[in-house]
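Spelled out, the chains give:
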Amino acid sequence: MSPVAVESAVAQAISSIPDPEVPVVSIADLGILRSVDVDEHAHTVAVTITPTYSGCPAMEAIASRIVFEADRQGYAADVRTQLSPAWTTDWMSEQGREALLRFGIAPPGAVAAGESRGPVPVAISRHVVTCPHCGSSDTTEISHFGSTACKALRRCNACLEPFDEFKAI
Amino acid sequence: MTEPVTDTGGVVQSATKPCAAYLLGLADDAMVYAQRLAEWMTNAPQIEEDMALGNIALDLLGQARALYPYIGSIDGTGRGEDDFAMQRVERDWRNVHLVEQERGDFADEMTRLLWFSAYQVELHTALAGSADEVVAGVAGKALKEVRYHLDHASLWVVRLGDGTDESHRRMEAALERVSPYLDEVFDDDEASVVAAGLGVGVLPSSLRERVVEHVARVVEQATLPVPEPSTWRSRGGRAGIHSKPMGYLLAELQHIARSYPGATW
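As you go down the protein sequences, you meet chains A and B in turn.
Take the first sequence: its letter number 18 is residue 18 in my numbering, and every next letter is one higher.
Take the second sequence: its letter number 72 is residue 72 in my numbering, and every next letter is one higher.
These are calculated hints, taken from the structure and not from any lab test.
Please read these numbers as outputs of a predicted model, since none were measured by experiment.
A few of these clues could be false.
[Stated by the list, open to error] Estimated spans, in silico, between C-beta atoms of each pair:
1. B:Gly76 with A:Gly135: 33 to 43 Å
2. B:Gly240 with A:Arg72: 27 to 37 Å
3. B:Gly76 with A:Cys134: 53 to 63 Å
4. A:Cys134 with B:Lys244: 53 to 63 Å
5. A:Ser35 with B:Val12: 16 to 26 Å
6. B:Thr16 with A:Gly74: 54 to 64 Å
7. B:Asp188 with A:Gln95: 17 to 27 Å
8. B:Thr16 with A:Gly135: 53 to 63 Å
9. A:Glu60 with B:Glu90: 21 to 31 Å
All residues carry an ideal CB built from backbone N, CA and C; glycine is no exception.
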């Protein structure tokens, strides 16, 4: 869960900014938004965000949207990008996971992929991912990398529909 | 590429000026290889691979973007990411020759990616414990990504090596073509000795054994022979001496920025 408090209107507005790549999920639900510190006297807000991936091109869009939303509430925003601790899909909220599923993207499972130092895997698929369309667990990975860095491409062997999987990292 | 993306406020920064040269080597490796990998978009054997290599390139670009402004702050020049990427001439680049070579056959690229990502996994594992918290942060972030790159390259090498006669033949040739560029990656140049001495960096030679171990496992599973040691080896990248393809790469990379000085986007 995101540790962000959302008492004030400006914090609420910033928390509910949709992710530019996956607009059904807010930046708070994705765990990208790390902190919002509102200074009611100075009318400023200090915001910390963290990228899902080092080269995530959505960061600049997110930062400028934060400045825009804060400005609409009458606050000047100072947006900082923080790399450490590194973002993990474990920071994604339950609400965010459900929204992804409804949108047709399989939410991330527990962190596992690539963590082991064991021998080279012989098959592409190593974990069970449930099809967001029909619920079957009989799915195959088509590609390690999907439409964005944070997703992989899969296909359901039951309903034959392709779908994106949010990779657990 | 206009704003520095790394916030260094309130973080322990042990990297001093002598570390800048070391970090520049790491950043330039990532930047130049990102440029090479991006060339595969529309050129890979299948569209999923266009996306995969594009995504890997983006991860590497992210590593470079996180390091450049930090290097600019510790070397005292105040240069930002665009200054480093777009305004330096060839002699000022510190990447190894491996990453600047033309992309060649797809088998060559998978071989290079296998070696480079195996190296980066060990590198970032070590740097995640750096005395400098900015370096440790960049490495900790990158580590999750490069493990995935290594997985990807390993799968392809096994698939192609243990595939058809044609794919096996081309993988075997690729292993031989890439091998003269590997020694340079593990050379302990002056900058890395300084950075390792300060606890900021790590000696490249100390990473070699584990990298070779991983690659050997993949090559064995791919039913490929280990190439004979080559009679020549690349050198000079960390001192700014580059091979012929580097100039062409920079011309393409820097063309827009140099044609329209001061342009923003």
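Do the hints match the structure? See the list:
1. B:Gly76 with A:Gly135: 33 to 43 Å: For Gly135 of chain A against Gly76 of chain B, whose Cβ atoms are near 59 Å apart, the range 33 to 43 Å is violated.
2. B:Gly240 with A:Arg72: 27 to 37 Å: Violated: the Cβ-Cβ distance is about 49 Å, outside 27 to 37 Å.
3. B:Gly76 with A:Cys134: 53 to 63 Å: holds, 60 Å
4. A:Cys134 with B:Lys244: 53 to 63 Å: holds, 54 Å
5. A:Ser35 with B:Val12: 16 to 26 Å: With a Cβ separation near 20 Å, Ser35 of chain A and Val12 of chain B satisfy 16 to 26 Å, so the hint holds.
6. B:Thr16 with A:Gly74: 54 to 64 Å: About 43 Å separates the Cβ atoms of Thr16 of chain B and Gly74 of chain A, which means 54 to 64 Å is violated.
7. B:Asp188 with A:Gln95: 17 to 27 Å: Once the Cβ atoms are compared, 50 Å apart, the range 17 to 27 Å for Gln95 of chain A and Asp188 of chain B is violated.
8. B:Thr16 with A:Gly135: 53 to 63 Å: holds, 56 Å
9. A:Glu60 with B:Glu90: 21 to 31 Å: holds, 29 Å
Going down the numbered hints, you'll see the structure goes against 1, 2, 6 and 7, while the others check out.
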